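Q: Let's have the full structure, built from the sequences with the hints guiding it.
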Amino acid sequence: MDAVIGTGNDAVTQVAVTQTASSDHLTVENLIKIFGAVRAVDDVSFHVAPGEFLTLLGPSGSGKTTLLRMIGGFENADAGRIVLDGQDVEHLPPNKRNIGVVFQKYALFPHLTVFENVAFALRRRHIGRGEIAGRVGEALDLVSLAGLAERYPRQLSGGQQQRVALARAFVFHPDILLMDEPLGALDKQLRERMQREIRALQKKIGITTVYVTHDQTEAMTMSDRIAVMNNGRIEQIGDPNDLYERPTTEFVAGFVGDSNLLDCSVKTYADGIVVVRLDTGGEARCHAKDAALGPAKFLIRPEKLRLDTRLVEGIGSINALPCIVAAATYVGDYTLYDVTVGTTLVTVKQYNREGETRFAAGATANLSWAIGDCGLVR
Amino acid sequence: MIAPAALLVGVLFLLPIGRLFGMSLDYPNWTTAFFAGLFSSSVYVKSLWATLRVSVFVVLGCLMFGYPIGYLLATCRAKLRPYLALTVLLPFWTSILVRNFAWMYLLQRHGTVNELLQSIGIIDQPLRLMFNEFGVVLGMTNALLPFMVLPIYVAIQSQDEAFLEAAGSLGAGPSVAFLKVTFPLSLPGIYAGTLLVFATALGFFVTPALLGGGKVLVAATYITYEIEILLNWPGAAAASIVLLGIILIVVAAYMRVVTIERLSGADDAMA
Numbered sequence: 001m002d003a004v005i006g007t008g009n010d011a012v013t014q015v016a017v018t019q020t021a022s023s024d025h026l027t028v029e030n031l032i033k034i035f036g037a038v039r040a041v042d043d044v045s046f047h048v049a050p051g052e053f054l055t056l057l058g059p060s061g062s063g064k065t066t067l068l069r070m071i072g073g074f075e076n077a078d079a080g081r082i083v084l085d086g087q088d089v090e091h092l093p094p095n096k097r098n099i100g101v102v103f104q105k106y107a108l109f110p111h112l113t114v115f116e117n118v119a120f121a122l123r124r125r126h127i128g129r130g131e132i133a134g135r136v137g138e139a140l141d142l143v144s145l146a147g148l149a150e151r152y153p154r155q156l157s158g159g160q161q162q163r164v165a166l167a168r169a170f171v172f173h174p175d176i177l178l179m180d181e182p183l184g185a186l187d188k189q190l191r192e193r194m195q196r197e198i199r200a201l202q203k204k205i206g207i208t209t210v211y212v213t214h215d216q217t218e219a220m221t222m223s224d225r226i227a228v229m230n231n232g233r234i235e236q237i238g239d240p241n242d243l244y245e246r247p248t249t250e251f252v253a254g255f256v257g258d259s260n261l262l263d264c265s266v267k268t269y270a271d272g273i274v275v276v277r278l279d280t281g282g283e284a285r286c287h288a289k290d291a292a293l294g295p296a297k298f299l300i301r302p303e304k305l306r307l308d309t310r311l312v313e314g315i316g317s318i319n320a321l322p323c324i325v326a327a328a329t330y331v332g333d334y335t336l337y338d339v340t341v342g343t344t345l346v347t348v349k350q351y352n353r354e355g356e357t358r359f360a361a362g363a364t365a366n367l368s369w370a371i372g373d374c375g376l377v378r
Numbered sequence: 001m002i003a004p005a006a007l008l009v010g011v012l013f014l015l016p017i018g019r020l021f022g023m024s025l026d027y028p029n030w031t032t033a034f035f036a037g038l039f040s041s042s043v044y045v046k047s048l049w050a051t052l053r054v055s056v057f058v059v060l061g062c063l064m065f066g067y068p069i070g071y072l073l074a075t076c077r078a079k080l081r082p083y084l085a086l087t088v089l090l091p092f093w094t095s096i097l098v099r100n101f102a103w104m105y106l107l108q109r110h111g112t113v114n115e116l117l118q119s120i121g122i123i124d125q126p127l128r129l130m131f132n133e134f135g136v137v138l139g140m141t142n143a144l145l146p147f148m149v150l151p152i153y154v155a156i157q158s159q160d161e162a163f164l165e166a167a168g169s170l171g172a173g174p175s176v177a178f179l180k181v182t183f184p185l186s187l188p189g190i191y192a193g194t195l196l197v198f199a200t201a202l203g204f205f206v207t208p209a210l211l212g213g214g215k216v217l218v219a220a221t222y223i224t225y226e227i228e229i230l231l232n233w234p235g236a237a238a239a240s241i242v243l244l245g246i247i248l249i250v251v252a253a254y255m256r257v258v259t260i261e262r263l264s265g266a267d268d269a270m271a
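Going down the list, the sequences are from chains A and B.
If you read the first sequence in our numbering, its first letter stands for residue 1, the second for the next number, and so on.
If you read the second sequence in our numbering, its first letter stands for residue 1, the second for the next number, and so on.
The reader is advised that the hints may include incorrect statements.
Stated by the list, open to error - Taking beta-carbon pairs under 8 Å as the criterion, some of the chain A residues facing chain B (in silico): (1) 72; (2) 74; (3) 93; (4) 94; (5) 101; (6) 103; (7) 105; (8) 107; (9) 109; (10) 111; (11) 120; (12) 124; (13) 125.
It is worth saying that the hints were derived from the structure and are not from the lab.
No experiment lies behind these values; they were computed from the predicted model shown.
Where is the CB? At the ideal position from N, CA and C, for every residue including glycine.
A: Right, dumping it as structure tokens:
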């Protein structure tokens, strides 16, 4: 809690109390947005540190775009606070918030050249002609578009337009960069390249960024932290490793990365290890923090599973169950096996390496994995 | 593929024009005397200047009133739009004769406008609002307004909202965003509306005839005079051909200045 009190000579004694850490660049508190009967954003709160790259990740309708638009000032909040660089901004229109926005369809001004598009914000700030030329040139260099300044947007490819949109958004050094699924319209190769370029650029300029996407790979590769959203709420917020290895809800476990979620019930708990009985048959062990017994979901990622020809019992720090291979799909760098454990279908991802056994449909196999490679999700 | 359409254009359009051209050359006598006759006095030339002058003012009037209406129509709340559209379209669907008589009722010496202004005390004597170019321009502007409003409406309405949001995010307030983004992107609508209004105004007859009361001579009323009073069909045909030629030249010159691409807005705001 910070308290600022004015001196006795002032007519008014000011007391400003904040609960946010003074190092937070953006703070969103209890934000709510309702469209008719739907709570598009349902009591959302989070902080973003200066220079941090935070991604709002979720399926369509999760509220991530609405949330981003509220931060930008394009939608009014029905309740809640938005604090940007120490200032309450939820009552301010977008043009007073000092934000840079990259829209999904870029929204480049078609009647202006690339130069004028990028210079647009600078001209609004009454910056001298020479300085504008210099800064626009720098920005275009940073996005590798030097030499295209006199073209019109319609003469550029999708990737080039995307870069102009980016240059236009950061050239005037806004407090924060907001990006709404900017790579959706690009093909896979270009998209992956742009992901790396955007991230590198963001780190280089050091600008606080909030990024929206439904693509979890994109979120994982680019972000410092990810907020996974579902039905207007943040289910979990953490760095990519946290979300992948320690998902706290079933939704996050299923949405981030591939997963096998098996119904089970917790039987015993001792020394940080639980023993569960899988509904589909058999027992398994994993690490857990609490001792709550009863039904839960057992999570094992496909790449953590191992198939062997020799059937063994699970012992020590290894879980093992017999299974039957239902299907094998060769993907190139790996092979996906669908195996049945009891009555449940489990996906196994095996990287294709010399010496790895290939299994055909119908074969019996031993499914094993380390205790540390699985977990409970409620 | 275009053969049926070409045939249609040929029969319905080129044939009558051809016949008119023949009439102006006094088929079967084949003389250019009637064309020369047009310029024997200054009457026809004066009527051409009047036509041009009136048409330019009508375009300006339509721009002045039509742009705000088109803008409002494009940016108003969806619930309001049908009612606003009706205020533009309802007169459009009313007979032009009826509308002109309504204007006469309003503008005449002891009409509504003069009575109102006199009763408030703004004027002592009734103003001459009719039977002059002012009344004609007013009536024609009213009649041709939808031709300006609709293209402008389309040009503004079709702009992606993201443009204005982008302008806002870059620091532009509402008026700056309008000046720098909405207005430039609506130019194709202005070009289209201007051309429609101007070309139509050049050939306009009913309003100059009624609200002009015989005192305003434009090309159309001149041609009518030649037919009805002087029974000079070849002369009237010659005058028509000259007017048609002028309109074609004006349109061609306009197209040069504003390329067809811009008119259809194909390259601009539709992205």
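Q: Each hint: holds or not?
A: Hint check results:
A distance limit of 8 Å between C-beta atoms decides the matter here; for residue 72 (chain A) the minimum to chain B is near 6 Å, and the interface restraint holds. At about 5 Å, the closest approach between the beta carbon of residue 74 (chain A) and any beta carbon in chain B falls short of 8 Å, and the interface hint on this residue holds. Checking residue 93 (chain A) against chain B by beta carbon gives a least distance of about 7 Å; that is within 8 Å, so the hint holds. Annotation: interface hint on residue 94 (chain A) holds; nearest CB of chain B at approximately 4 Å, less than 8 Å.
The beta carbon of residue 101 (chain A) comes within 4 Å of a beta carbon in chain B, closer than 8 Å, and the hint placing it at the interface holds. Interface restraint check: residue 103 (chain A) against chain B, minimum CB-CB distance 5 Å, threshold 8 Å, status holds. The beta carbon of residue 105 (chain A) comes within 6 Å of a beta carbon in chain B, closer than 8 Å, and the hint placing it at the interface holds. Interface restraint check for residue 107 (chain A): the shortest CB-CB distance to chain B comes to about 4 Å, inside 8 Å, so the restraint holds.
Annotation: interface hint on residue 109 (chain A) holds; nearest CB of chain B at approximately 6 Å, less than 8 Å. With 8 Å as the threshold, the beta carbon of residue 111 (chain A) comes within range of chain B, its nearest partner Cβ sitting at about 5 Å, so the hint holds. Because the beta carbon of residue 120 (chain A) sits about 5 Å from the nearest beta carbon in chain B, less than 8 Å, this interface hint is met. Taking 8 Å as the C-beta contact cut-off toward chain B, the hint placing residue 124 (chain A) at the interface holds, the least distance being around 4 Å.
Proximity of residue 125 (chain A) to chain B holds as hinted, the smallest CB-CB distance being about 6 Å (cut-off 8 Å).
Checked against the numbered hints listed earlier, the structure breaks none of them; every hint is satisfied.
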